[in-house]
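So that you can map any letter, position 330 of the sequence shown is 330 in UniProt numbering, and since no number is skipped, the others follow by simple counting.
Incorrect hints may have been included.
Said to hold, decoys possible - List of simulated lysine to aspartate or glutamate pairs, EDC-like, C-alpha gap at most 16 Å:
{"id": "1", "residue 1": "Lys-9", "residue 2": "Glu-70"}
{"id": "2", "residue 1": "Lys-336", "residue 2": "Asp-296"}
{"id": "3", "residue 1": "Lys-28", "residue 2": "Glu-152"}
{"id": "4", "residue 1": "Lys-187", "residue 2": "Glu-152"}
{"id": "5", "residue 1": "Lys-9", "residue 2": "Glu-50"}
{"id": "6", "residue 1": "Lys-19", "residue 2": "Glu-50"}
{"id": "7", "residue 1": "Lys-28", "residue 2": "Asp-60"}
{"id": "8", "residue 1": "Lys-28", "residue 2": "Glu-70"}
{"id": "9", "residue 1": "Lys-19", "residue 2": "Asp-64"}
{"id": "10", "residue 1": "Lys-19", "residue 2": "Asp-72"}
{"id": "11", "residue 1": "Lys-242", "residue 2": "Glu-49"}
As the list claims (entries may be wrong) - Ranges of calculated distance between the beta carbons of each label pair, as one might list FRET restraints:
{"id": "12", "residue 1": "Arg-326", "residue 2": "Lys-242", "range": "57 to 65 Å"}
{"id": "13", "residue 1": "Asn-247", "residue 2": "Phe-305", "range": "50 to 58 Å"}
{"id": "14", "residue 1": "His-41", "residue 2": "Thr-194", "range": "42 to 50 Å"}
To be clear, the hints were calculated from the coordinates, so they are not data collected in a lab. Since this is a predicted model, take the numbers as computed values, not measurements. For every residue, glycine included, the Cβ atom is placed at its ideal position computed from N, Cα and C.
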Amino acid sequence: MSSKDWLEKDFYAVLGVGKSASADEIKKAYRKLARENHPDHNPGNTDAEERFKAASEAYDVLSDDKKRKEYDEMRSLFGSGAFRRGARAGGSSQFDPSDLFGGFSGAGAGGGGAGDRRFGGAGFSDIFSSIFSGGGAGGGPRRGPQRGRDVEAEVTLDFAHAVQGTTLPLTLRSPGVCDICHGNGAKPGTVPRTCPQCQGSGLISRNQGSFSFSEPCRECQGAGSIVEQKCPECRGTGGVTKNRTINVRFPAGVADGQRIRLSGRGEPGERGGPAGDLYVQVRVRPDDLFGRVGDDITMTVPITFAEAVLGTDLRVPTLDGSVTLRVPPGTPSGRKLRARGKGVQRRDGQVGDLLVTVEVQVPTGVSDEARDALERFAKLTPNAERGRIDARLRRG
1 MSSKDWLEKD FYAVLGVGKS ASADEIKKAY RKLARENHPD HNPGNTDAEE RFKAASEAYD
61 VLSDDKKRKE YDEMRSLFGS GAFRRGARAG GSSQFDPSDL FGGFSGAGAG GGGAGDRRFG
121 GAGFSDIFSS IFSGGGAGGG PRRGPQRGRD VEAEVTLDFA HAVQGTTLPL TLRSPGVCDI
181 CHGNGAKPGT VPRTCPQCQG SGLISRNQGS FSFSEPCREC QGAGSIVEQK CPECRGTGGV
241 TKNRTINVRF PAGVADGQRI RLSGRGEPGE RGGPAGDLYV QVRVRPDDLF GRVGDDITMT
301 VPITFAEAVL GTDLRVPTLD GSVTLRVPPG TPSGRKLRAR GKGVQRRDGQ VGDLLVTVEV
361 QVPTGVSDEA RDALERFAKL TPNAERGRID ARLRRG
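Could you put together the complete structure from these sequences and hints?
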């Protein structure tokens, strides 16, 4: 991305956030746009694809604190008129890129007339790339190997897979290295040759008075090598957009909302630079039976009134079998029973517990025989708590 892109594009507007937006707000806005406009969800929709690319481009800058600072400074600099040269012929004082370079028309190799207002052949974006990347006297724009961009994906796991861990294939559609030329951009059977103009550096240094500027080599366009016979698959770029499938290992105990980082599995780098990283956002599908609180697995099991009064042995399922829990006599509804070591495995090797909440079921309809039995039970079982309440009411 050139510095001219930074000046012309309002990345905050692309993501729909304000200039003071926090990193979390920027990330949230990007994820929303990425989900809505992802090519996999909008096949054949070129508008959605362009919006997806624009959102990715904006997020790449605004999510990086250093890039965001440079971007804000550059736009603020031009917005304040720091590079205006005074009133123009038509009375306008608005900045025009040609103002900055017009005084050097024709300087250096390839200099032209008014229609080629460039300083030593360096274009508008190249000069400002130099300025904002620490260039200037003795410096130059950042060239050479560039790290690839990070890629984000989202995967939904079953509850059991999240607790126990699993390996799943993940298919991504993103830029990747061309399989035909293996990234060098040359037709099979040929190889790129080192640029004779820049000797493979990709830069040409020029002196202008007391200043020294480096600009991308015109011969190789800053690549350092020249592809004479281009690969028919990628047309000499070395990269293509393609589907790729990778196996992702989800560790035991991965939680909903957790991000897993796979180093070097993002977009490939440029000019031999390292690949970016892949970040996989995990979503855990709710289970009909089990829940989770931290490292403990939870569930609710109904028992009858008789089982609560008399006690019982309760057989309950787990994610790897079943266990028997003792329900003691007189168990109230809502009591939690614990099965140790049947929860989520922690990173230190310890395992959480299974917490079983018993819920006493009250029948809505009973037979005459059962009603008679309950009435006899009520007469034979004094309610001590009810007696204490009645005593307090009488005193009041």
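TODO: Just pull the numbers of the violated hints for me, sorted ascending.
DONE: 4, 6 and 8
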